[in-house]
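Peer 1: Work the whole structure out from these sequences, hints included.
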Amino acid sequence: MNRLGSEDARSAMIKMSNVTKTYGSGEALVEAIKDINLEIRPNEFISLIGPSGSGKSTLMNIIGCLDTPTSGEYFFEGESVSRMNHNQLAEIRNERIGFVFQSFNLLPYATAFENIEIPLIFKGVNTRRRKERVAELLDKVNLGRRARHKPGELSGGEIQRVAVARALANDPSLILADEPTGNLDTKSGDELLKIFDTLWKQGSTLVIVTHNPAIAGKTPRVISLRDGSIEN
Amino acid sequence: MKTLFLFKLFYRELKTQRKRMTLTILALVWGTFSIVMLLAFGEGLRLQMTKASHGLGEGIVIVSAGQTSRAFMGLGKGRQIFLTEEDVRLLENRVPGIELISPEDEHYGNTMTFGQKSITQSIIGVYPSFEELRTNYPDWNSRFLNRLDLENKRRVIFLGTKVKEKIFGGAEAIGKTVLLNNIPFVVVGVLRKKIQNNMYNGPDEEKAAIPFSTYKSIFGVKYLDRLIYKPRDISRAEAIKKEVYRVLATKYKFDPEDTQALRLWDTIEDAKIFQKIFVGIQVFMGIIGALTLMVAGVGVANIMYVSAKRRTKEIGIKMALGAKRRYVLLQFVSEALMIAFSGGVIGIVLSLSLVEVIKTLNLRGGAADFIAHPVISVQTMAVTAFLLGLIGFLAGLFPARKAASLDPVEALRYE
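Protein chains in written order, with the working numbering: chain E, 1 to 232; chain G, 1001 to 1415.
Hints in this document: simulated from the structure, not taken from any laboratory.
By construction, the Cβ of each residue, glycine as well, lies at the ideal position given by its N, Cα and C atoms.
Hints are supplied without guarantee of correctness; some may be wrong.
Stated by the list, open to error - When the alpha-carbon atoms are kept at most 25 Å apart in a straight line, the in silico PhoX-like pairs for lysine-lysine are as follows: (1) G:Lys1153 to E:Lys150; (2) G:Lys1008 to E:Lys123; (3) E:Lys187 to E:Lys201; (4) E:Lys131 to G:Lys1324; (5) E:Lys123 to G:Lys1313; (6) G:Lys1194 to G:Lys1162; (7) G:Lys1216 to G:Lys1176; (8) G:Lys1272 to G:Lys1324; (9) E:Lys150 to E:Lys123; (10) G:Lys1272 to G:Lys1194; (11) G:Lys1253 to G:Lys1242; (12) G:Lys1309 to G:Lys1051; (13) E:Lys140 to E:Lys187; (14) G:Lys1272 to G:Lys1051; (15) G:Lys1194 to G:Lys1015; (16) G:Lys1015 to E:Lys150; (17) G:Lys1216 to G:Lys1153; (18) G:Lys1166 to G:Lys1176; (19) E:Lys123 to G:Lys1253; (20) G:Lys1077 to G:Lys1242; (21) G:Lys1309 to E:Lys150; (22) E:Lys187 to E:Lys218; (23) G:Lys1008 to E:Lys150; (24) E:Lys123 to G:Lys1324; (25) G:Lys1194 to G:Lys1166; (26) G:Lys1253 to G:Lys1222; (27) G:Lys1008 to E:Lys131; (28) G:Lys1051 to G:Lys1162; (29) G:Lys1176 to G:Lys1193; (30) E:Lys123 to E:Lys187.
Unchecked claim - Which chain G residues face chain E? A few, computed with CB under 8 Å, are given here: (31) Lys1251; (32) Ile1317; (33) Lys1318; (34) Ala1320; (35) Leu1321; (36) Lys1324; (37) Arg1325; (38) Tyr1327.
Peer 2: So this is what it looks like as structure tokens:
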């Protein structure tokens, strides 16, 4: 069963039922998350909070299709992710999910332009179209004049904006940010949140993983994790 | 752009692993150089040996008479067979597959005199076709014996290279008259220098040839030492050999199956065996070269393993952004190939230069005739390129598979 038949599942962007992820086996078995039931609809803006060790990262990895659940069902836009192979997962990550990481994760030897271009290359977009799209994205994050700069020549805030532009490259359904302001000063952090807010208002769906209550306070919905389970 | 990106990554690796990369490329250069030079010397040796074997003649069969080893038609065994000049004409008429044919008879211990200089010289009597048969080509400004010489029993002589040197030294010989057993002969030609590694009774450069008709009248020859023929079509050589045997067996009444009655030296058969030996030598040389190159391949694999480890994070990022496994595979394999080919190109350029240098040295005489003429053939290049590709591919494949099998979550966490 690859698609859910119900009206409910179709309108949900993400639907998880009884998702559990365990590591190790026997005595050393660790349940990182257990029996997660979760639904995210299009154009939601969500904070995923919880102390370290609560399973935030594991849940984020599963939502982001970087990892698959040990048991339970996960539907991304109606498609069952649980049993997808590496290539199918890679395609979903490439086309439908945009990642923004705490440590930016730009390629240090590549320019801002080239970094943003990477998801487009993997999608197989042609050179001319890639050029147009990257220019568009750089404008969107106000970095038009920084195209030829490498991450080492950019400020933290600029780097994270490049990362946001990269996340938006293939016009994803979901933007997944993992502690995006964690390595930024307050001013840059606020700017980034403003960008996220704008994206949300323009119709994007965003999930921000954070342990910063100030950020969580700004999002309409908060999902709180404790010991591998959702609290609220 | 995608390719450009790969080059960029490669260039960065080149810089970050400079020392390891330099050593590995050096090993590749050396490996390529070894394989190309080994094959080049092998090929050169083969070509020179082939040339030398053609010194005796190209695709010829030498027939000499033997003794019967079987009784036949009431005649006993152990009977000596004799060949005559008539047999040459007989074969010419009866065996249409023969292109060229010549009798050859040799007379030893003659005195050849020019001015004060006198030497003892063996003389052969032959037809003009002997020139083609034995690749006895004349030096510039001179000629071999011709049809008119033969028809008119002219007293003309064609000198082997060494014979000319012995009697004339550096001086001009053409047109001079030498005395052969006190009979004057005009020198019409001198043998152009040739290398010859197959012979009987000495090489052609030590012989002097006169028309067979003249020879007969002077030495009164009745039986020939041997006759030489060349088949029109080498692929029919065996059939023609059988016909020659049959024609002569009918005439001399011996069993056509009696292999002792005539002795046939088939240089065609020799040449075939010879080519097989050389294929063997080339394969052997190629294997040695390939082994050397393989050592370099280990270096490439080592670099790629280190590179894969160091770039774990990068691979993780790319996977998160949607890189499929085959992209990671392609990236590492193509980098390994780039390393292999950059070493290979330098190695090939180096080999080509060395071959050119050896050519300009123009080494001659003795062993140098055979080994100092390396030739880089298209096949050599093809084999080398193939081996470089194969080694690069294998050296890249295993590290690449390791990199491609990384778990994106783990890889992203790697610092």
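Peer 1: Which earlier hints can't be squared with this structure?
Peer 2: The structure conflicts with hints 1, 8, 12, 15, 19, 30 and 31, although it agrees with all the remaining ones.
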